[in-house]
Amino acid sequence: GDSVTQMEGPVTLSEEAFLTINCTYTATGYPSLFWYVQYPGEGLQLLLKATKADDKGSNKGFEATYRKETTSFHLEKGSVQVSDSAVYFCALTPTGGGNKLTFGTGTQLKVEL
Amino acid sequence: KAGVTQTPRYLIKTRGQQVTLSCSPISGHRSVSWYQQTPGQGLQFLFEYFSETQRNKGNFPGRFSGRQFSNSRSEMNVSTLELGDSALYLCASSSTGGGGIYEQYFGPGTRLTVT
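Chains as they are written, first to last, in my numbering: chain F, 1 to 113; chain P, 1 to 115.
Some hints could be false.
Claimed, not checked - If the Cβ cut is set under 10 Å, some of the chain P residues that face chain F in the computed set are:
| # | residue |
| --- | --- |
| 1 | Q6 |
| 2 | L11 |
| 3 | S31 |
| 4 | E48 |
| 5 | C91 |
| 6 | A92 |
| 7 | T96 |
| 8 | Q104 |
What the hints assert, rightly or not - In silico lysine-lysine, DSBU-like type, Cα no more than 35 Å apart, as pairs:
| # | chain 1 | residue 1 | chain 2 | residue 2 |
| --- | --- | --- | --- | --- |
| 9 | F | K77 | F | K52 |
| 10 | P | K57 | F | K68 |
| 11 | F | K68 | F | K110 |
| 12 | F | K110 | F | K77 |
| 13 | F | K56 | F | K68 |
| 14 | F | K52 | F | K68 |
| 15 | F | K100 | F | K56 |
| 16 | F | K100 | F | K68 |
| 17 | P | K13 | F | K56 |
| 18 | F | K52 | F | K110 |
| 19 | P | K57 | P | K13 |
| 20 | P | K57 | F | K56 |
| 21 | P | K57 | F | K52 |
| 22 | P | K13 | F | K52 |
| 23 | F | K60 | P | K57 |
| 24 | F | K56 | F | K110 |
| 25 | F | K60 | F | K100 |
| 26 | F | K60 | F | K77 |
| 27 | F | K100 | P | K13 |
| 28 | F | K100 | F | K52 |
| 29 | F | K56 | F | K77 |
None of these hints come from the bench; they were simulated from the model.
Here the structure is a predicted model, which is why all the values come from computation and not from measurement.
Don't be surprised by glycine CBs; every beta carbon is placed ideally from N, CA and C.
Please build the complete structure, drawing on both the sequences and the hints.
Right under this line is the structure:
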């Protein structure tokens with residue numbers, strides 16, 4: 001079945017540091033890929049998405065590129081802020097659409113001053 | 001537009017009891033999905049309802065069930081609660097459940113504790 005693997009956390013960075021959170025997936029065909037963020041005590045918010053190979057999703061300074069050849073969708077941000085501290089989840093929906101999300105285990109990000 | 005609402009936000013139940021959780025989707029959304037979030041298993045898909053029909057189901061025992069009403073509101077029920085059912089239950093709504101990519105909006109969740 002489909003699966004998503006992302007790097008273990010927590011990741012601790014200083015403010016203005018560069019962020020990379022690795023994500024790789026296993027799925028047939030061309031799934032759609034997502035990054036969700038969860039702030040303490042809240043539900044999930046969609047951060048960005050990409051629906052086909054070589055697409056780049058971007059939002060709020062975060063970016064991720066759908067790499068079919070390496071089955072990856074790594075999340076990056078050039079300069080993190082304290083307010084970016086949260087748990088980040090990589091996820092996919094299957095080829096052909098549908099709403100069933102398969103999530104990675106989540107990566108906690110802590111940004112310090 | 002109001003977001004996805006879930007009630008109650010917190011719940012404490014005893015092993016063996018049953019529980020019903022409610023989810024009201026964003027107005028106009030017809031698809032509602034449910035997820036269980038635990039520290040050990042992470043986020044796992046329970047089921048999805050679209051126009052009152054279950055469209056998709058995850059790998060959970062039959063103790064977990066759901067339904068959707070004509071106004072798209074959804075409930076999930078867990079019977080004969082076990083300690084391992086303690087989790088955050090998240091509901092997500094989307095404008096459609098068909099082909100294509102549609103953003104899903106999550107509610108804040110219901111925190112269920114089974115003692």
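Taking each numbered hint in turn, which are not upheld by the structure, reported in ascending numerical order? 2, 17, 22
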